[in-house]
Amino acid sequence: MPSFPSVEWFNALKEIVNKDPEFRALGTVDSVLGVKVGNKIIEITFDAFECTNVRDAGENDLRDMDFWLEQPYDNWKDMIENIKKHGKADLSHTLNTIDLSIPEGFARAHDGYRRDAFYRFNQSIQDFFNASSKIDTQFLTEAAVA
Amino acid sequence: MADTITIPENLRAKASEKGWPEDLVRQALDAGAGAEQIIGYMDQGVTAEQARGFLAAQAGSGPEISDALKAAAATAQWPEDLIKQALAAGAAEADLLNFMNMGVTAEQAREFMAQGGAPQLDLSWMQVPTEWNTRARPTKHGLTLEAINIGKYGEIPDVWPYHTEMPRGAVPIPGVESMGYSIFEKQEVWSDNCAALYEEAIQRRWRPATDVPWASIEPLADDVERALCQICTHISEKEQMEADVLGRWEPDISYGYHEVKLYLATTIFENARAVEVFRKRALSNGGGLGMQSPGWGFRSVVDARNFTEMLSIQMVLQDSLTLAQYQYLEKYAKNPAEQYIAAHCLQDKARHVAYAISHIKYVMMHRADRREEVQRYLDKGEAMMLQDDKKDPATREAFAIYFGDGKANIGEGLQIYNQMRKRAVEQYLARLKWATIERADGLNPGLKAFIQ
Numbered sequence: 001m002p003s004f005p006s007v008e009w010f011n012a013l014k015e016i017v018n019k020d021p022e023f024r025a026l027g028t029v030d031s032v033l034g035v036k037v038g039n040k041i042i043e044i045t046f047d048a049f050e051c052t053n054v055r056d057a058g059e060n061d062l063r064d065m066d067f068w069l070e071q072p073y074d075n076w077k078d079m080i081e082n083i084k085k086h087g088k089a090d091l092s093h094t095l096n097t098i099d100l101s102i103p104e105g106f107a108r109a110h111d112g113y114r115r116d117a118f119y120r121f122n123q124s125i126q127d128f129f130n131a132s133s134k135i136d137t138q139f140l141t142e143a144a145v146a
Numbered sequence: 147m148a149d150t151i152t153i154p155e156n157l158r159a160k161a162s163e164k165g166w167p168e169d170l171v172r173q174a175l176d177a178g179a180g181a182e183q184i185i186g187y188m189d190q191g192v193t194a195e196q197a198r199g200f201l202a203a204q205a206g207s208g209p210e211i212s213d214a215l216k217a218a219a220a221t222a223q224w225p226e227d228l229i230k231q232a233l234a235a236g237a238a239e240a241d242l243l244n245f246m247n248m249g250v251t252a253e254q255a256r257e258f259m260a261q262g263g264a265p266q267l268d269l270s271w272m273q274v275p276t277e278w279n280t281r282a283r284p285t286k287h288g289l290t291l292e293a294i295n296i297g298k299y300g301e302i303p304d305v306w307p308y309h310t311e312m313p314r315g316a317v318p319i320p321g322v323e324s325m326g327y328s329i330f331e332k333q334e335v336w337s338d339n340c341a342a343l344y345e346e347a348i349q350r351r352w353r354p355a356t357d358v359p360w361a362s363i364e365p366l367a368d369d370v371e372r373a374l375c376q377i378c379t380h381i382s383e384k385e386q387m388e389a390d391v392l393g394r395w396e397p398d399i400s401y402g403y404h405e406v407k408l409y410l411a412t413t414i415f416e417n418a419r420a421v422e423v424f425r426k427r428a429l430s431n432g433g434g435l436g437m438q439s440p441g442w443g444f445r446s447v448v449d450a451r452n453f454t455e456m457l458s459i460q461m462v463l464q465d466s467l468t469l470a471q472y473q474y475l476e477k478y479a480k481n482p483a484e485q486y487i488a489a490h491c492l493q494d495k496a497r498h499v500a501y502a503i504s505h506i507k508y509v510m511m512h513r514a515d516r517r518e519e520v521q522r523y524l525d526k527g528e529a530m531m532l533q534d535d536k537k538d539p540a541t542r543e544a545f546a547i548y549f550g551d552g553k554a555n556i557g558e559g560l561q562i563y564n565q566m567r568k569r570a571v572e573q574y575l576a577r578l579k580w581a582t583i584e585r586a587d588g589l590n591p592g593l594k595a596f597i598q
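Line by line, the protein sequences give chains A and B.
Residue 1 is where the first sequence starts when you use this note's numbering, and the numbers rise one by one after that.
Residue 147 is where the second sequence starts when you use this note's numbering, and the numbers rise one by one after that.
Below, simulated DSSO-like cross-link-like pairs (lysine-lysine); rule was C-alpha separation at most 27 Å, straight line:
| # | chain 1 | residue 1 | chain 2 | residue 2 |
| --- | --- | --- | --- | --- |
| 1 | A | K84 | B | K480 |
| 2 | A | K85 | A | K40 |
| 3 | B | K526 | B | K594 |
| 4 | B | K568 | B | K579 |
| 5 | A | K134 | A | K84 |
| 6 | B | K537 | B | K594 |
| 7 | B | K568 | B | K536 |
| 8 | A | K36 | B | K568 |
| 9 | B | K480 | A | K85 |
| 10 | A | K77 | A | K36 |
| 11 | A | K77 | B | K480 |
| 12 | B | K594 | B | K568 |
| 13 | B | K480 | A | K88 |
| 14 | B | K507 | B | K298 |
| 15 | B | K286 | B | K407 |
| 16 | B | K480 | B | K568 |
| 17 | A | K36 | B | K579 |
| 18 | A | K84 | A | K36 |
| 19 | A | K19 | B | K286 |
| 20 | A | K88 | A | K40 |
| 21 | A | K19 | A | K88 |
None of these hints come from the bench; they were simulated from the model.
Okay, chain B solo, but in the shape it has when bound (with noise of 0.2 Å):
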């Protein structure tokens, strides 16, 4: 009778596709399944093998024992009936020649079927409309952010609609709870070079323990090695300092703009990374910690309210000032591990000040209101910047000892030392004008009589 039955057309098409034979599905007909659920039962990967295991144990004859598969069981002393039993409950012949070739024995299959053996299978999830035959190429530089972001995938939305820790470009499902982010703009965080800079971030790092050349460190004179340990004392504070913050920060940023995320995250290795070479330097040739600064400069970036304010502060202007310092400081070094310190941490510096000053390009590009409120924030960190001068002597000192090669030529040390902040000044300014951010003018008297 069942050779009598027509197969609908996408039925036919779909068995065609999955390698059942038409026998088969005619018999599925049969049996009374219809075509819908039989192509449901192909898109759930039923194989021919296991429908037909299932078609007979249904009809109650049993499946049929291959001759190879009779003999392997032979071997392993599986009893017929479980052979039979396990063909009806849908296994493969190939997965029970591959348990007994494992060394399953009989009774331990009899226990794995009991417990209602394999796990019946959803699959709906591949069902999923997400953009489907996505093929990206590595470029020279591997595979790579940007190498990604084709189709949808690239869509970088200028509000992302979700709260949770759904990844761009894949399907959201109802029910989920939010995940506490804040940041849904893009303007909020996006940088144009971000992608770039996290992939540079990952093929520059550099290894503290094994790269620093630590041997060649020799003894310094007593004032110059107090002025060292001092200055690696206030760089590892504030390194951790950023560290912190933009960790703090992470959490809020959504999945949209998940590049933001991944440069952050280099950005805070790269500060860990800072952090544990300038403590090592201390703690390597005889010296100690120094004093703590009075953090007033730290104050305005953990204060800072949303994360353009965190950047602007943090990491064009603080950052402008840490770049220069690394400058000086290779050129200054002692010996080739110093250099080796200040040369690769300058490195990881410029490209936290490149992300952070492409960020505030982009927000004058597409919010321009928000010009003055740039401004507001520079004035509250140039001042804390300031106050910090003030406040913190010791800093000051230790960099014009170490830069004058001891106490008894501060006062040079004191002039390189000015050199190194009108640099940073101006600097700080150029960057600022390319973000289109004209702030000579307003520029906070204490800083402006640096460069004057």
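Looking at chain A on its own, in the form it has when it is part of the complex (with noise of 0.2 Å):
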């Protein structure tokens, strides 16, 4: 059972999502984007119709994507439950929703220009998190991410 946040845990989603004809359907998407978890720092890669890769990066690297996602460990451990619970995000757990509800913001960027991305693909991001209902996910603790 992969283990959230970790590379592995969302390999499980690329995998899912790249056999999607769904997914696929949405159109286009390119975007590298992060999720920050505490200090655990995810970058996930989508190009044209796929998404192409799934790293560990740092701090650093967060000024190259084009936004990352970051609420704290609990938010993010309600989301993926509500993913799991419904088969998918209900409306008080969408990406965008989380957006609205955080003062600075669930997806951030460096540039106001970048960060847009995270509108023009939400659909297929919020598909790429959606296939998590279809794993079982085994959550570090909040102390492993800190």
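Join these two chains into a complex; the hints should help.
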């Protein structure tokens, strides 16, 4: 059972969406984004119709990403459990809703242009996270990612 | 005598390339044709068979008819004189066999011949000196506009000198009338992302009629339904206005910048889709349309006298607000249909903003002297946007009631409305900053109030 957050966990989502014709039907996605949970940062690359790479990254890599998603550990856990429960994020747990619920934003970036990739590809990225409903997740402890 | 005629080397090479046997070439030279003339015939696609028929007719003996053709002619009841006439006129034996097999009668063939047969071909266009042997290859994204921008076809000039509809990379001909374009400079319209955004728009399209889960809409409280219908009216109106304005600019942009023209076409389509989907939502749950907007902001866009001015106000300033409206409409959606609509319009609108802000950056990088000019456009656009705020309580109140889930919670709804406006202004400033425009100090106080 893959653990969240880990490269293994995101690779499991990658495998699911890359085989999913509905993900492809959403259209091309060209973005490099980050997921930041505590001090753990993972970089995810989308190119054309698929997710092409998942890797561990560091603070210095954030500058080269279009944007990164950051929220407290408990909120990540809540989001992923909600997706598992409903098969996809319910309205109060979509990426956009979470983004509007955090004063500094869920999607963060070093420039105002690249951050807009969060909006341009929003439904594909949402679909990517929704794919976590198809796997069983084990959560690393908050201390493990601090 | 023809056997003793020497074939010039260039003619021999061309004959070899085109499959004309040497005896035929000698026969043609013997008949008085010049070497260059024969090469010309070859380049025009005249086959050896046609040439032989022509020479035979010239010699008065008539072309020979093969056994196969004789047999087919007998079956089709085409007389021999008709066959000879057709061959002498340049028809290929294979074509005649085809006509016979297709059931063309001798009488029909005679009528066709009487009308002059096949038209004389010019084919000089086949010698056009464009860049040839171009072989664009599909990428992971397919065969995209960027993938075909290779060689001369990918050279996007700073100034496009042609007033006609000639595609970039084609060869101009004299005497063609001007098409009335007025934009001939790259910096007036260009953004480095326009070709990619065009492909993205095409790939990420959606269909309101069938993709939106319309059946998920259930009756809403009357005040909430009225609020949403007012919002639908407002958005339909402004998306239609954007489509109209962009549609008016399209014919002004010369063909040197077809990537921009194509991208704007998708933008207009997406504006139309937004008009469609919000109108459909307004008319699908027992409500109807609401009150029109005063349109102060619209005027500043319609009255723009140059393309960058229009983009600054419409697709940077106004669309930053619309983008924030779609974000909040998704969050406060009352059902999956409304969520779907807002989420997908959000993606479309983000592309519009991405094109416009990238254009502004291009202008700043290539025409730094226009920096103050852009600031003035934004001064004007912001002032007119605030006029709308003053004169259009319907839009503000409708959003507040929808966000607050009813008139009773309008206070809470107004707070959310102000958060939405704050977010729109912050993102507007962040985008401008990326485009190297520092706007925070010059921002209209009315908009500054949202972020303080």
